[in-house]
Amino acid sequence: MKKTALLLLFFVATHFLFAQTNTDDDKNVVISKSKREFKFVKGNSENPVQIKEKSSRLYACNNYRTDIQVAEFYNGYESIDDVTIYVNDSKKHGITPRYEYYNADGIFYSDAHVCFFNLPLLKKGSNSEVIFEKTTIDPHYFTSVYFMEEQAVEEQEIKLVVPSWMQLEIKEYNFKAFGIQKSVTQDGDETVYSYTMKNIPAMNTEHAAPGPSYYTPHILVLCKSAQPKEEKYVYFSTVKEQYAWYKKLVKEIGNDEQVVKEKTEEIIKGISNEEEKVKTIFQWVQDNIRYIAFENGIAGFKPEKAQEVLRKKYGDCKGMANLLTVMLRSIKLDARRCWIGTKHIAYDYSTPSLSVDNHMICAWMNKGKPTFLDATEKYIGFGEVAERIQGRQTLIENADQYLLERVPVATYLQNTATETRQFAIEGNSLKGHVLQVWKGENKEWLLSALADIKQDKQENALKQFLAEDNQHFEISNLVIKNMTNYNAPLQVEYDVFWKDVLTVFDKDTYLELDNRRNFDNFKIDTTKRKLPYWFDYKNNLIFETEIALPAGKKASSLPEKISISRPAYSFAAGYTVSPGKILYRSEIVLNSTELKPENFSQWNKDIEQLSNFYNQQIVLTQQ
Amino acid sequence: MYKNNNQKKLLLATLLLSFLGMGTITAQTKDETKYREESVEMRKTVWAWEKPQFKISSIPAEYSNASKIVLAHHTELTADSKSKFAFYGLGFGPKKEQTLTEVVREMVKLNDKNAVTDFSELSFTRFEKTSGFYSSNKATTYVGVRVIKPNGSIKEINADDIVLTKDGTTEKKAKVAIPDLQPGDILDYFIATEQFLTNDMSNKPYRILLFDDAPILSLSFHAQLGKKYAIEYRSYNGAPELAVSKNDDKDIIVNVEKTNIPPFETSLWVAPGMQLPFIRLNISLGYRGLGSKYMDTKKPGEVAKNTDADEFLDDKASNLSVSYYNSYWMKAGKAEYDDIESDAKKKTKQTGGSFKELSDDEKAAQLYYTLRFTKLLNFNIDALAGKIDIGNSRFNGLAFPLFCTMKAAGLDPAILVTNSRTGIRMKEVMDASDLTTAAYITGSNKILSIQSVFDLPFAVPDDIEGATNTKSFTFDHPAAIMGMKKMMGLTNIDAGPTVPVSTADKNIHIEQMKIALTPDKNNLLVHRSTTLRGLYKLDAQSKLVLYEDLYESERKAMGDEKSLLEDLEDGKRSKKYVEEVKNAFAEARKKQKDAFISEAKGWFDQEITDLKEYKTDKLGIRHTAPDFVYSSSFNLNGLVKKAGNNFIVEVGKLQGQPLVVKQEQRKRNIDVFMPFARSIEYNIELDIPDGYTAEGITALNKKVENAAGYFTVEASTTDKLVTIKVRKSYLHNFEQGANWGKLLEFMDASTEWLNSKLLLKKK
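Protein chains in written order, with the working numbering: chain H, 1 to 623; chain P, 1001 to 1763.
Please note: incorrect hints may appear among the correct ones.
Facing chain P, from chain H, some residues (calculated, C-beta under 7 Å) [what the hints assert, rightly or not]:
#, residue
1, Gln69
2, Tyr314
3, Asn515
4, Phe519
5, Phe522
Distance condition first, Cα-Cα at most 27 Å in a straight line; then the derived DSS-like pairs of lysine-lysine [what the hints assert, rightly or not]:
#, chain 1, residue 1, chain 2, residue 2
6, H, Lys269, P, Lys1149
7, P, Lys1299, H, Lys312
8, H, Lys378, P, Lys1149
9, P, Lys1155, H, Lys305
Note that these hints are calculated values from the structure, not bench results. Heads up, the beta-carbon is just placed ideally off N, CA and C, and yes, glycines get one too.
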């Protein structure tokens, strides 16, 4: 993860790190008045342009006395200069803010810090106020201002004070639903951008939802240039400057190609085909470089030296992308570093800013056509692309120029998982053989889950998973193929004795064949969920079973097939009978990973239909 | 990005000393250069250890597929001390300085990615200093890490790889991501902690654990303690004996080694203190001088193996004696208990009784309820959130306050002292904290304990059930007490009573379920009434009972006229905040529905929808009405299957998800320590829809019964109704390992029954 993502986190996560997210109906504490001002000022020779922030939030207690936790983040480019706390208009409250290193999830070490404390609201109707004064020492890192807080805000004013020597552009996002008023006034030499708003709801975090840049009101501040005195400083006027800044950092890395080359040649020894070389190198990095991220200061943006990543056998996305690039170049292949914002971020490079990207990958240019390699995806195959970067615009290194391309979008077929069963009836049980095959991100998911299990427990865990934790689903002769070759589908074959799965009542035998029940009951709780639902990846689950019927038995009742087809997904399942056999086939397709709130109701109805189908049994009768 | 880095809490961490106490800021923070130099020295020393166990790299064949194998684990503990004279402001005094150095080195073979991930990051507190009055402590931690590759080459991490996550003057925290670590490598690392302590004569408990979830080829411990130290030690559960000797300088030398320790992986119903091998040491700076007999200090150089447990009982007796003196013998302390008695009398009168006419047991119960009502359930606006959440608070049994309350009211109470049934055996205790206490009434021997606000008088906490080796503490109450010796010697220790064990029928979960198909015949419509009794209640009470209901129920039982809110409305000060209280109570009541849904989902392990009519019917907080009863109606999804014109109801799944013993846990030879004997009962009435008949009823019947417990199902039907009675019982809280098969027998039967179905056949 790059610093930009952290910065985004700082703005968005301020004030709701430690406490639970307020729900709409939890209005005990609200921010009755919030005033935040960001002022560009002249700095010193080292940091000639700085941004002073003063934010005052007046908390009001509506229902009953309580404490809330207040947290404000800072880092190597941001400092907290002063914190003033009033409890019922008094400074005599004994609160001492704590300043600590912030251990962000997934980042081993960064310069992220947090200032936090408990703020009491003494009784119903009382107020407490917190005023933070902060400085951002470099406009590169002043990228966005988010308007939502952990508590609902009754009245808010956000001001940007921009002197005439500062050139910037402001982009507004997600204003529509919130009635935000904007005014631009001139105050002497300064332009004042004012945003006023009322009744902004509390920040609502939901599982499997888009990133906040998609739905929370905020502005992107695109700092273009400044001339506080004689000298002009250019920030990111266009993506060209942003690329130049990145490129400068790349030049400063200090890669030692010779060291990397030796290792690379050792890895590809005996391989002559270029694509095979790339595949082998890519998987070597996937297998041998652990993901450990250092994001302190400029390390949030500048990749670690390739030879250091090679020595340590760990690195973050930048470290892995840079290592891959240097490895491929060391054997004279055309490789490029690529900056990219994952799907979590709503913007692309039409808004040059450090908020645009949060990730780095490598592209192998094969006859001018990029194949994207993301070694942080530990088990994805060569040429396969993870959902989180599919369709995203990427800034590709191209000497002093750059290329802007989109990562290809894979269809659901990339991730097909197929299960084929052949069973015969033995008494009240089924006996037979199963073949399961996982591709793409389904394969990656399963391999990741297995890697988290101790090797001596893996087979048992896999059997438990395949048996859906059912002790009657007895698996034997398990054979796993392609556990270590991510360029081939993961394949598992086994024999099954499915004990007592048939239920006999009188002359009839009843059977529920589909114990996978994919997406059974996968309903969205429309009373609680407000945001779109994002699936992890597009999906295609095919499940086929053939049952040989013993002589004299016939299917007297089979569930009616279902076939639901919507633009974003389809469910189809049904039985067919051929002489001596029953065939079952179900297929679930997720064409798109997004379910929009307006489609929740239809989705729930379709899921109910699917569940009802699963809840029907086959009836076999003696002829 | 997006990848989680699990941080392994190293095995070492469980063994590290926690010696830090009070201290003043007198020491200088070590500067970076000095720290680095010291680190280098420490590494040189540790890596140079001539210990053959750290030279082994071959793995026994039986462990070749293990995720990780601890090749060697060694602890080196050294302690030295000196006396100085120091000025303390009021005058000069002796100053005892100690240096304690503990080095724990472990060499572990990592065979897979899981093991590499576990060990890839190491966090440690590099420097720590605590401050206070009189004594001064500081600790510095050094680490060394090297990776031994399969070809034998050794790579050591350098100091630059270590990053600081806290850089304070009193504490520095650091972590390191271990470079070039791959499956197949051997990680050889140590954590060394050097502690300087001043005027710290306290006991430093130390444990050497001889079990782990990974196989250990060699585990060893060596200590060299200066002649002024004293130790006592004991080996538990088959752990090897320590070899203790003295060298020419009279230093105490301690050694122990065990090789080839297989992995221990069963965590179901294990009592580590009773079953797993470990060694405990108490290490302290010996002191014989002014006041030493009251400080419980040992004689310098004293070495004691298997110290008589009575010594620790005496410690407990002394502690309680001091409490008795301060909190009861002194009039100011006793006044609080007199108030409880006076409240108890008043509340008895309010409910039409007379306190003095109650039997001793009835008086004890009334005092118990009064203490709970006036001291725990009492409303306090300044602790509003805490009061609303009081159901989740846990107490230590409140033996002493309960004892004093009974004593003040003229009863004849005592304090029962014993061990926890899953803790350390009574005869093997090595610390007063190994002992647990409960108040009881002599004569009837009825126990009084408050571990939660839902507890009942005379209910025995599960952790002391069946205790036989118990002691009874009572206290002398002389007219005058002079001097420390007298103050610490008020406790009389006598043999205590045997604590009863509750039977399976006393700890019971009963489900009364009236079930019908929903109108669309896709799901089950369930009306459920649940009764919980005995030790089964607490978890559900904590989740479902509201503070307001609890308070009001007790208020009425106490005969107080006004409700809490009415009372607050009438108070001059409280009427100003009564609105807030109403708001907070209303919010808690709103959240109760989610608690009911979550409890039902958890119990039945199925989707629950359309929950209504949820309520707590009986709170189960009085010994005269001990059942906790709650009820609700809801749709239970996923158990009705359409089969042609008929319906199959998966009745087996109405018992939720019974405990399933994992495959790797099925083989067992160690004894089974369960929390308590218990029963679960389902009384199911299923309406047969008009136009249908029920089939498959006979096949539902089941009976597996043995000495450890039973699982039985009795099913019958009429034209309109299917009745199923499911009963499962674990008859004892303890079974010998040999009986494990018997437990499995009826537990398996219960799991098998999950598969049971009945057919509703269209006529």
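Against the structure, the hints come out as follows:
Because the beta carbon of H:Gln69 sits about 13 Å from the nearest beta carbon in chain P, more than 7 Å, this interface hint is broken. For the restraint placing H:Tyr314 at the interface with chain P, the shortest Cβ-Cβ distance is roughly 6 Å, inside the 7 Å limit, so the hint holds. With 7 Å as the threshold, the beta carbon of H:Asn515 stays out of range of chain P, its nearest partner Cβ sitting at about 12 Å, so the hint is violated. The closest approach between the C-beta of H:Phe519 and any C-beta of chain P is roughly 14 Å, which is over the 7 Å cut-off, so the hint fails.
Below 7 Å, beta-carbon pairs count as interface contacts, and H:Phe522 has none with chain P, the closest being about 11 Å; its hint is therefore violated. Between H:Lys269 and P:Lys1149, the direct Cα distance comes to roughly 22 Å. Compliance with the 27 Å bound is thereby established for this hinted pair. With a C-alpha separation of about 52 Å, the suggested pair P:Lys1299 and H:Lys312 falls outside the 27 Å cut-off, and the hint is violated. Our distance criterion of 27 Å between C-alpha atoms is met by H:Lys378 and P:Lys1149, whose separation comes to about 23 Å.
The straight-line distance between the Cα atoms of P:Lys1155 and H:Lys305 is roughly 19 Å, inside the 27 Å bound, and the hint therefore holds.
In summary, the structure is inconsistent with hints 1, 3, 4, 5, 7 from the numbered list given earlier, while agreeing with the others.
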